[in-house]
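Visitor: These protein sequences, in sequence, are chains U and B. Just so you know, the first sequence maps onto residues 1 to 109 in our numbering. Just so you know, the second sequence maps onto residues 1001 to 1114 in our numbering.
Think of the hints as simulated: they come from the structure by calculation, not from any bench. Note that the structure is a prediction, hence the values are computed from the model and not measured. For every residue, glycine included, the Cβ atom is placed at its ideal position computed from N, Cα and C. Treat the hints loosely; a few may be bogus.
[As the list claims (entries may be wrong)] Here are the simulated BS3-like pairs of lysine-lysine, each with C-alpha atoms no more than 30 angstroms apart in a straight line: (1) B:Lys1062 - B:Lys1011; (2) U:Lys96 - B:Lys1044; (3) U:Lys77 - U:Lys52; (4) B:Lys1011 - U:Lys52; (5) B:Lys1011 - B:Lys1044; (6) B:Lys1062 - U:Lys52.
[Said to hold, decoys possible] One side only, chain U facing chain B, incomplete, derived with CB under 7 angstroms: (7) Ala27; (8) Gly29; (9) Tyr30; (10) Leu44; (11) Val82; (12) Ser85; (13) Phe99; (14) Thr101; (15) Gly102.
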Amino acid sequence: GNSVTQMEGPVTLSEEAFLTINCTYTATGYPSLFWYVQYPGEGLQLLLKATKADDKGSNKGFEATYRKETTSFHLEKGSVQVSDSAVYFCMGGNEKLTFGTGTRLTIIP
Amino acid sequence: EAGVAQSPRYKIIEKRQSVAFWCNPISGHATLYWYQQILGQGPKLLIQFQNNGVVDDSQLPKDRFSAERLKGVDSTLKIQPAKLEDSAVYLCASSFGRGLHEQYFGPGTRLTVT
């Protein structure tokens, strides 16, 4: 069945640092892939998505590229801000979507 | 546009008691999901409805959990009887369609079983 393996956290970075959170998937065919974010005290919300190989999803300075050759969908941001502190979840699959375990990101001023 | 509504926000019960959660999805969303999120883990899908029919309930512990979505709008999730390991946040989400559509999440209900 489908599964998503996400980089374990927590991750702590200084403001303006480069961010990568790894996500790999196991699925047949061409699954759709998503990154969801949960800010403190708020509900889960979609950050970005990609539905086919080589697609790049982007939002709020975050990017992730769907790479079929490495079955990966790593989340990146060139310069993080304190406001990016949150828990990030990778999600993916075909008809059945599965969440990763989440990565807690803390940005220090 | 109103978001996904859930109630209650918090609930504390003793083991072997019963509890029910309510969800009102975004208007016009045909697909409704219930997830269980245990502390430190990602959300786990319990049940998925398409209108008022069940699409996937393969991870729902049917001996104690039940869910319904009458008239294809609101939904309730019930646990009877509760166990200590049911302590978690229960999330409701809705989407316009199945599978690849963005899911919109409610604030969740935090359940503590003592």
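Visitor: Let me make sure I understand: some of the numbered hints might not hold for this structure. Which ones are they, in numerical order?
Guide: Hints 4, 6, 7, 8, 9, 11 and 12 not satisfied by this model.
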